[in-house]
Amino acid sequence: LTTGDVGNRYLFRTLADNGLNEIMYTMHNHRDVPGYGFQIQFGATTLTEQWDPRKGSSWNHFMMGPIEEWFYRSLAGIRPSEDHPGGFGHFIIAPEPVGDLSFVRASHETLYGTVRVEWQRQGDVFELQVEIPVNCTADIVLPGKTPAKAVKGGLYRFREIVE
1 LTTGDVGNRY
11 LFRTLADNGL
21 NEIMYTMHNH
31 RDVPGYGFQI
41 QFGATTLTEQ
51 WDPRKGSSWN
61 HFMMGPIEEW
71 FYRSLAGIRP
81 SEDHPGGFGH
91 FIIAPEPVGD
101 LSFVRASHET
111 LYGTVRVEWQ
121 RQGDVFELQV
131 EIPVNCTADI
141 VLPGKTPAKA
151 VKGGLYRFRE
161 IVE
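Residue numbers (our numbering): 1 to 163.
For the record, the hints were derived by calculation from the structure and aren't laboratory data. As the structure is a prediction and not an experimental result, all values here were calculated from the model. It is possible that part of the hints are untrue.
Beta-carbon label-pair distances, calculated as ranges [said to hold, decoys possible]:
| id | residue 1 | residue 2 | range |
| --- | --- | --- | --- |
| 1 | V33 | R13 | 33 to 41 angstroms |
| 2 | F158 | V6 | 34 to 42 angstroms |
| 3 | G4 | V125 | 39 to 47 angstroms |
| 4 | T45 | H108 | 30 to 38 angstroms |
| 5 | N135 | V33 | 44 to 52 angstroms |
| 6 | Y112 | G43 | 22 to 30 angstroms |
| 7 | K152 | Q122 | 42 to 50 angstroms |
| 8 | A106 | L20 | 30 to 38 angstroms |
| 9 | E127 | S57 | 35 to 43 angstroms |
| 10 | G7 | T110 | 26 to 34 angstroms |
Calculated pairs, EDC-like style, for lysine to aspartate or glutamate (alpha carbon to alpha carbon, straight line, at most 16 angstroms) [as the list claims (entries may be wrong)]:
| id | residue 1 | residue 2 |
| --- | --- | --- |
| 11 | K152 | D139 |
| 12 | K149 | D139 |
| 13 | K152 | E163 |
| 14 | K149 | E163 |
| 15 | K55 | E22 |
| 16 | K152 | E127 |
| 17 | K145 | D124 |
| 18 | K145 | E160 |
| 19 | K149 | E160 |
| 20 | K149 | E127 |
| 21 | K145 | E131 |
Each residue gets a CB set at the ideal place from its N, CA and C atoms; glycine is no exception.
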């Protein structure tokens with residue numbers, strides 16, 4: 001990966017916005033340098049300053065942080081709505097399962113309350129649970145062919161067969 005810390009955010013967003021999340025997952029899940037999987041195999045639970053955490057630099061550093069945006073926007077699918085600017089009064093939940101990833105759990109604090117997303121995939125069955133804050137609305141977009149569903153504040157469960 002030679003985009004550098006400044007360029008990583010734009011590369012990651014471009015790949016995700018163009019439906020190339022499988023490439024993002026493969027690019028970052030492997031256990032070689034450069035890759036977050038390499039850091040994890042050495043026990044990193046926070047972002048490190050360098051791709052190889054054994055080199056004596058910080059083990060709690062935001063240098064490689066742009067990957068976190070991908071976790072929330074793509075894997076968990078928590079996104080602001082471009083049609084409803086001004087916060088998370090209305091937002092989108094559109095999780096994108098990738099690779100061999102079998103579950104994701106994420107939450108996002110908004111002015112209106114906490115948005116929670118949890119999904120799991122077993123074989124071709126995708127199950128999603130979302131919590132939408134009171135007085136908010138969201139469009140739920142499942143990864144299969146089911147049309148988007150508009151929901152109000154509350155707790156919802158969805159199940160879909162995916163290819």
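Evaluation of the provided hints:
Between V33 and R13 the beta carbon distance is about 23 angstroms. The supplied range of 33 to 41 angstroms is therefore violated. Taken as a hint, the range 34 to 42 angstroms holds for the pair F158 and V6, whose Cβ atoms sit roughly 38 angstroms apart. Taken as a hint, the range 39 to 47 angstroms holds for the pair G4 and V125, whose Cβ atoms sit roughly 40 angstroms apart. Distance hint check for T45 and H108: the Cβ-Cβ separation is about 20 angstroms, which falls outside the suggested range of 30 to 38 angstroms.
A C-beta distance of roughly 47 angstroms is found between N135 and V33, which places it inside the suggested range of 44 to 52 angstroms. A hinted range of 22 to 30 angstroms for the beta carbons of Y112 and G43 is inconsistent with their spacing of about 37 angstroms. Evaluation of the 42 to 50 angstroms hint for K152 and Q122 yields a failure: the beta carbon distance comes to about 29 angstroms. For the pair A106 and L20, the supplied restraint of 30 to 38 angstroms is violated, since their beta-carbon distance comes to about 21 angstroms.
Evaluation of the 35 to 43 angstroms hint for E127 and S57 yields a pass: the beta carbon distance comes to about 40 angstroms. For the pair G7 and T110, the supplied restraint of 26 to 34 angstroms holds, since their beta-carbon distance comes to about 29 angstroms. Distance hint between K152 and D139 is fulfilled; the C-alpha atoms sit about 9 angstroms from each other, no more than 16 angstroms. In summary, the hint linking K149 to D139 is supported, as the alpha carbons are separated by about 5 angstroms, within the 16 angstroms threshold.
Restraint check for K152 and E163: the C-alpha separation of about 28 angstroms exceeds 16 angstroms, so the hint is violated. Between the alpha carbons of K149 and E163 the distance comes to roughly 20 angstroms, so the proposed pair goes past 16 angstroms and is violated. For the suggested pair K55 and E22, the alpha carbons sit about 29 angstroms apart, so the restraint of at most 16 angstroms is broken. A distance of roughly 19 angstroms separates the Cα atoms of K152 and E127; the hinted pair therefore is violated under the 16 angstroms criterion.
For a cut-off of 16 angstroms, the pair hint linking K145 to D124 stands: about 13 angstroms separates their Cα positions. Restraint check for K145 and E160: the C-alpha separation of about 9 angstroms stays at or below 16 angstroms, so the hint holds. For the proposed pair K149 and E160, the alpha carbon gap of about 13 angstroms is at most 16 angstroms, so the pair holds. Restraint check for K149 and E127: satisfied, since their Cα atoms lie roughly 15 angstroms apart, inside the 16 angstroms limit.
With a CA separation close to 22 angstroms, the supplied pair K145 and E131 exceeds the 16 angstroms bound.
Checked against the numbered hints given earlier, this structure breaks hints 1, 4, 6, 7, 8, 13, 14, 15, 16 and 21; the rest are met.
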